[in-house]
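Following the hints, complete the assembly by docking chain B onto the known chain A.
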Amino acid sequence: MTTTTLSFIRKEMTPPQPAPSSEVGVWHWVRTKLFPTPKDTVLTVLAIAFLAYILPPLIDWLFIHAAWTGTSRVACLTVAQGGALPNDQSGACWPFISAKFNQIIFGRYPLEERWRPILVMVMFVLLLIPMLMPKAPLKGWNAITLFLILPFVSFFLLLGGRFGLAPVETQLWGGLMVTLILSFFGITVSLPVGIVLALGRRSNLPVIKMLCVVFIEVIRGIPLITVLFMASIMLPLFMPDGWTFDKFLRALVGVSLFASAYMAEVIRGGLQAIPKGQFEGADSLGLGYWQKIRLVIMPQALKLVIPGIVNTFIGLFKDTSLVSIIGMFDLLGIVTLNQADANWATPVTPVTGYVFAGFVFWLFCFGMSRYSLFMERHLDTGHKK
Amino acid sequence: MKKTLLSAAVGAAILGAASAASAGTLQDVKAKGFVTCGVSQGIPGFSNPDDKGEWSGIDVDYCRGIAAAVFGDAKKAKFVALSSKDRFPALQSGEVDVLTRNTTWTISRDTSLGFNFRTVNYYDGQGFIVKKSLNVKSALELSGAAVCVQQGTTTELNLADYFKANNLQYNPVVFEKEADATSAYDAGRCDVYTTDQSGLYAIRLKMKAPDENVVLPEVISKEPLGPAVRQGDDQWFDVVSWVHYAMVNAEELGITSKNVDEMKAKGGPDIKRMLGSEEGTKIGTDLGLTNDWAYNIVKLVGNYGEVFERTVGPNTPLKIQRGLNALWNKGGLQYAPPIR
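If you read the sequences in order, they're chains A and B.
Quick note: the first sequence, position 213, residue 213 per the UniProt record's numbering, numbers continuous.
Quick note: the second sequence, position 69, residue 69 per the UniProt record's numbering, numbers continuous.
Extracted from the complex, chain B is given alone in its bound form:
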């Protein structure tokens, strides 16, 4: 895995100059008439196809939010499915405009890979799931275990760090696809499966006997998942970031896709300012968009809470609680700078 990251970094260093020279991504996106987002090849709740073949998930809705902000039409988003290995070259080469593919924000990706991260649309952390029959109560008892893990992810690196730091031996069993790793674990190919906690919720759905597995208490990493864009294009970076902030602010202000029209007409000054109905506002145009950009996001996609509920929340098969992803004033980490 380190090799992959390294080679991607070298590739970026050599070719970064070439790809960074392009004119603004926002202009390019407007010119071609759609935004291209890199998504996964299927991660439940983040980006997966539904029965009609449409993409759905929290990352997909982020991308639709960008399309809504730029074009006033959430359907002007195109999705390119990328494996965890392909995702960085695809962003570097300009094949995608933005990577919304539950990618962990790390310093090396921010610097040497030549990307920019700012918003976190899902706070995750890496955990372990083991078979109950092993009688393991803590990850520290896992010495010598065979661990199923997905290739090319920070998960794989965290795993190595954690076992090294605690002087434990382990046998990594590496898979390229999340689905393969989980079914291998369920088939008994390894003793432990490790991934982000959101993934552990997903794997429980596929288990033959969900009750015979336990999630260990240790959360061994911070996994802030958010969109990545290429460095050196501040305007596009701002647009992508403020799409998320608009969704979080909308939730905080109680604006939903259902009441947004009413709020736009009758809401308080901060709501009117955000939704672009304030006299003489320049917020949207300064961003390079129209002034109803935030209105379009909330109207067409929803606020952050709505998206969360729809894609991964307690009413979906994944049944993930808000936890760290609750708003800052409700005990979580989702905090957005003010729109003014």
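So that you can see chain A by itself, here it is in the shape it has in the complex:
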């Protein structure tokens, strides 16, 4: 008998069944993410109640009842205040922002010279974007142009007085431009200086170690505001007559010193997390000190402290608003300065100004924060969880 009955062998995979309706879809997400346990349910309900409480008036104030067009304060006033809006209505005064927008970006930089900050901005963005993309080519050249050449070019371009450009003194700089210049400069300086200080603090050479410790501890021990005050009020009194030390330069130096000291401690934290074996391993390969640091230690240490570094950058970005103390008008300073314009004096102008300034600050800080998360994931090489 040649017929053989083969036992049943399935030739193809069972077609996948759709997941049970309780495990997919919106309902599943809601059930598992929002209401999995009674405690979570309570929290969810509270959160939704909070949002319901806070969001409608906020949206109403920001958009629905806001004034959008106009050329003076009247556009944002209610009938009782001498305007045309209904009495019970109060919303943001956006025409104030649009009337002052150029000032908020450029400060009091002369109108006919505004192409200069715009050009600097364009160059900055064009160089920054490839710098931020891990896969873009020519990283080395890119970094050199962005961090070494661009600052000099922008310095001459913005300040003028050379190459046939009209001089524009820093007194006239202001707005977002000042905020960005200060923080970019601070960030560019603080990372390398911070690395050097952190290494110095762990050095075996007592003099170097002491210098670094003194620098870090002194700078960290004084509030930035005190240093700016000293620089703006006391310094001119001690200087010979006619000698002025540009205010903007004072702010640049102050901000960078501070950021460097904080950065040094962040990086030292990273260095401490590197096991001793890494140092010894590098030594046993015959690497010199700088090779060891550059090839073995720093790549690991810096990666570990990305959150701390970005924290410092974000703090630095926001600290730049302290320069309004010394009569420089950064983003926030220019907004408060313009609140004194009688043509725009309304009850809602100050709040509108602050909300707008806050939003711009948030945009930049959020951008930095998201980019740092991206870098963390990109550089992740298995230290996670």
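Honestly, the hints are just simulated from the structure, not real lab data.
From a predicted model like this one, the values you see are computed outputs, not experimental measurements.
Honestly, I wouldn't trust all of these hints.
If you only want the chain A side, here are some residues facing chain B, beta carbon under 10 Å, derived [stated by the list, open to error]:
| id | residue |
| --- | --- |
| 1 | VAL74 |
| 2 | PHE238 |
| 3 | ASN343 |
Derived DEER-like restraints, expressed as beta-carbon distance ranges [claimed, not checked]:
| id | chain 1 | residue 1 | chain 2 | residue 2 | range |
| --- | --- | --- | --- | --- | --- |
| 4 | A | PHE163 | B | LYS30 | 25 to 33 Å |
| 5 | A | PHE63 | B | ASP73 | 43 to 51 Å |
| 6 | A | LYS318 | B | VAL215 | 38 to 46 Å |
Here a beta-carbon is modelled for each residue, glycine too, at the ideal position from N, C-alpha and C.
Only chain B this time, still in chain A's reference frame:
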């Protein structure tokens, strides 16, 4: 506040000698090609930026008048924004050539701080604004009130004096910026806001319900606001003072920025003398300027009345009447010595 004044005074005493030793400010200003004026960090109508980012206000126009007199170009004025605390060190250190930052002329500022005052470009007085709901009719009923006030000003000192003299208690709530003090008052952080009356006009612009606030009748101080220069430089002091006098005289003589050319050619002898078209006049050169200094001021900036109308007058949002700042022959205090 007293501490700040005191420390500024001590600073001035120590360092006054160093800064007073400089050559004439007028020469310095001419050499550098512009005049540097200290202005506020935003006081509506006195010094505030407009939509283009240019400074405007009555103090700013004073400074432009100085630039017009010295250079024949009102644009050769640079402005340094100073907080009320920073303004005196900035003048002492020479960071600014003249302080046109609605600063009250007081004896201690004139003497121990080492400044000179002579002209008053705005006569002000300190007043109170309160919420109507408090039912207060007089400042004497303000015992126990929380009072919003700006730091480092004579306002703060007057307030202390007034309450002490009348045996009243109060809680000062101090702010560095005028804008912060006013919004705090409007938000109900304090019961009373006190500042110069010009400031009370400004705060009304920012109120949610201007009609629910009343200005109390008491004016508790004299606040003559004028420019300050460093002591020991009489020539510069003269230039700064006569800029104001030229503007007041121009208004008195009916010279405006519009008719100044006509007046220069056809006006009476006193007008010609002032505008420098008199034969062989030495008035301007004796001042260290050119003889058309007053012409330039009126032509490029305007007379006192024009400046007042343009910056704080009834047609601006501030709507301030001339009051004490009317000319002496119209019931006010603005009086200028003759130019002859």
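Hints versus structure:
1. VAL74: holds, 9 Å
2. PHE238: Hint holds; A:PHE238 Cβ to chain B Cβ min 8 Å, cut 10 Å.
3. ASN343: holds, 6 Å
4. A:PHE163 / B:LYS30: 25 to 33 Å: holds, 28 Å
5. A:PHE63 / B:ASP73: 43 to 51 Å: 47 Å Cβ-Cβ, so the 43 to 51 Å window holds.
6. A:LYS318 / B:VAL215: 38 to 46 Å: At roughly 39 Å between Cβ atoms, B:VAL215 and A:LYS318 fall inside 38 to 46 Å, so the hint holds.
Of the numbered hints listed earlier, not one is contradicted by the structure.
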